[in-house]
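K.L.:
The chain contents come next:
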Amino acid sequence: MPDPLFVFIAALTLGACCLLVASRNPVTSAMGMILALVGIAAEFFLLDAYFLGVLQVLVYAGAVMVLFLFIIMLLDVQPPGGAYPWKRALAGGAAFLLLSAAAFALLAPEGSLAKAAGPTPPELAANPESYATAAKAFGRSLYTKYMLPLQMAGLLLLLALVGVVTLAKAPKSAD
Amino acid sequence: MEALLLDLLRSPELPYVAARGLVLIGAVMTIAGYSVLLERKASAWIQGRVGPNRTTTPFLAWIPLLGSFLRLGGFIQPAADGGKFLFKEDPIPAHVNKPYYVLAPVIALAPALAVLAMIPLSALPDGTPLALCPGADVGVLLMFAVSSLGVYGIALGGWASNSKFPFLGAVRGSAQLISYELAMGLSVLPVFLLTSAPGVDDGLNLATIVAGQEGMWNIVRQPLAALVFLVCIFAETNRHPFDMPESETDLVGGFHTEYGAFKFGLFFVAEYGHMVIGSSLFILMFLGGWQLPFVETAAWGALGTVAGLAIFGAKLAAFLFFFVWVRWTIPRFRYDQVMRLGWNVLLPLAVANLVLTFLVLAVAG
Amino acid sequence: MESTTLAHHLLLAALVFCAGLTGVLVRRNLLVTYMCLELMLAATMLALVAFSRFNGTMDGAVLVFFVITVAAAEVAVGLALIVALFRRTGAVGSDRLDSLADR
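Protein chains in written order, with our numbering: chain A, 1 to 175; chain B, 1 to 365; chain C, 1 to 103.
Hint data in this document are derived by calculation from the structure and do not stem from the laboratory. Careful: at least some of the hints might be erroneous.
One side of the interface only, derived from the structure: several residues of chain A facing chain B at Cβ under 8 Å [stated by the list, open to error]:
1) V27
2) Y50
3) V54
4) V57
5) A61
6) G62
7) V66
8) F70
9) K136
10) L158
Built from N, CA and C at the ideal position, the CB exists for glycine as well.
Using the sequences and the hints given, assemble the complete structure.
P.N.:
Quick look at the structure:
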């Protein structure tokens with residue numbers, strides 16, 4: 001049996017995902033997304049990846065989703081009128097069930113992957129060298145082994161910045 | 001006695017956790033109430049008025065000297081305000097989006113409460129920080145992350161009100177908060193750089209940062225970072241001169257125009273909670289936390305813990321007064337000025353300061 | 001007592017991924033579609049961290065760091081595109097983007 005905290009967080013995350021996918025109101029979708037992201041951040045905490053969990057909340061829930069909400073409010077996206085599209089929702093639900101059944105068959109706790117699960121958390125706690133939880137360990141790998149990707153990530157952010165400024169500028173000849 | 005106190009602080013058992021939660025909520029409500037009193041009294045003082053001096057209760061008022069002192073000082077006013085918020089009629093306007101309208105004040109308050117639990121207030125005799133819920137080694141980042149969730153309260157509150165002025169306030173507020181978060185994050189990086197010297201673990205832990213200021217406070221070592229961070233916490237708490245989301249002159253009441261009674265009270269408490277968070281972060285990162293210069297409180301044992309608590313409390317009160325002082329001194333900015341200040345002044349300043357610190361550390365260290 | 005295994009975490013990641021995929025398939029509001037895409041990314045992040053944790057290496061966790069960075073950049077550009085699209089067509093529905101359709 002998994003840890004009850006894990007079960008609770010997993011249920012919360014999946015419920016939030018359903019809210020995101022099934023709601024017609026974009027603001028409700030955004031709220032579901034925020035809840036799902038916070039749930040995944042909590043999962044990171046359960047996996048001892050504290051730094052990543054904090055980063056997830058800081059970047060995703062704290063900045064990216066504010067941007068989403070801001071755009072939804074700014075464009076004043078209204079939920080579409082008319083009846084709820086039950087046919088499409090049913091098709092979506094069926095697709096989800098099919099996909100998750102496949103995932104379950106692959107990963108069920110008695111399945112093939114569970115047997116090769118590697119060390120469990122208590123075993124790892126005895127050897128914290130390999131999977132360090134501290135923010136410092138991230139710094140060390142980022143600036144040694146992953147130096148080039150780090151530089152590329154910086155360049156990518158700069159490119160995105162320039163691109164967004166170019167895109168967001170109102171075209172001069174509009175109207 | 002001592003064992004009980006330590007259990008109260010550390011034990012993961014449910015009753016103890018519940019007790020900690022109650023202590024937190026009680027403390028936050030009290031601090032928020034008395035911050036309001038401070039605000040009213042200080043603004044009255046600045047404007048040459050008297051401020052609240054009428055509220056009193058039976059029995060207390062009959063005590064000869066103390067009674068009139070409590071009445072004239074307005075010390076019972078927060079209780080009266082709180083009671084009023086609680087017992088007023090709480091109508092829900094017909095045009096609002098009901099679930100989000102009800103949810104927004106809660107979303108505004110919850111992150112503030114969570115972060116307040118993580119603030120270390122003093123050092124215990126064994127050197128560990130005294131906090132209701134001490135953070136992991138990423139303490140400061142966690143506080144930034146969680147407190148940044150408070151923006152959803154403003155955004156949802158304004159949006160769910162379904163009326164023009166609150167909506168404008170919400171849009172302004174969310175844009176302002178994400179803009180200043182950037183400058184705020186960058187401005188404190190030099191502090192982490194100074195703290196995380198080689199050989200120091202837990203460089204992101206507030207207790208480590210406080211310990212690193214033993215010889216000299218960070219405000220002396222990093223004056224520019226302190227200035228940028230100070231301006232940013234004013235913007236992040238929506239206080240004057242940055243109170244764009246609720247600027248009364250052009251937006252009636254801003255994002256909480258449609259709110260009343262208890263829900264408005266929750267928004268109010270959240271704002272003061274964020275003020276306390278901002279002040280505490282500034283005190284812990286730049287003003288030496290619970291230390292005083294030339295005084296070794298760490299060597300006094302349990303007395304040192306109490307002394308640290310008192311020092312922190314005094315600094316916090318002084319800082320809250322500073323918030324009020326600024327409010328009644330500097331006029332409100334225009335919205336475009338706020339955005340320009342954030343992006344064109346504070347952000348470049350923070351980056352320049354960071355690069356400068358890099359260079360100094362590379363040459364000197 | 002048996003604790004949470006790798007398979008549990010992977011299962012959760014897979015379910016979240018499937019939910020996101022379903023959303024991308026059925027939703028027509030571009031903003032929601034985009035959020036579902038982000039959800040799929042988040043699910044893969046969860047799987048990466050879980051693998052990293054149970055194999056006792058740092059690499060997966062560092063990769064997640066980069067995924068978060070790239071996703072942030074991607075969201076900024078994507079939202080700017082959606083806003084530009086809204087300016088041009090006045091709608092954010094993917095079913096309304098049919099100006100290239102042959103009819």
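K.L.:
Look at each hint and say if it fits the structure.
P.N.:
Hints and how they fare:
1. V27: holds (7 Å)
2. Y50: Cβ of Y50/A sits 5 Å from chain B, so the hint holds.
3. V54: Constraint on V54/A satisfied, holds at 5 Å.
4. V57: holds (4 Å)
5. A61: holds (6 Å)
6. G62: holds (4 Å)
7. V66: Holds - the Cβ of V66/A comes within 8 Å of chain B, reaching about 5 Å at its closest.
8. F70: holds (5 Å)
9. K136: Where the cut-off is 8 Å and the nearest Cβ of chain B is about 7 Å from K136/A, the hint holds.
10. L158: violated (13 Å)
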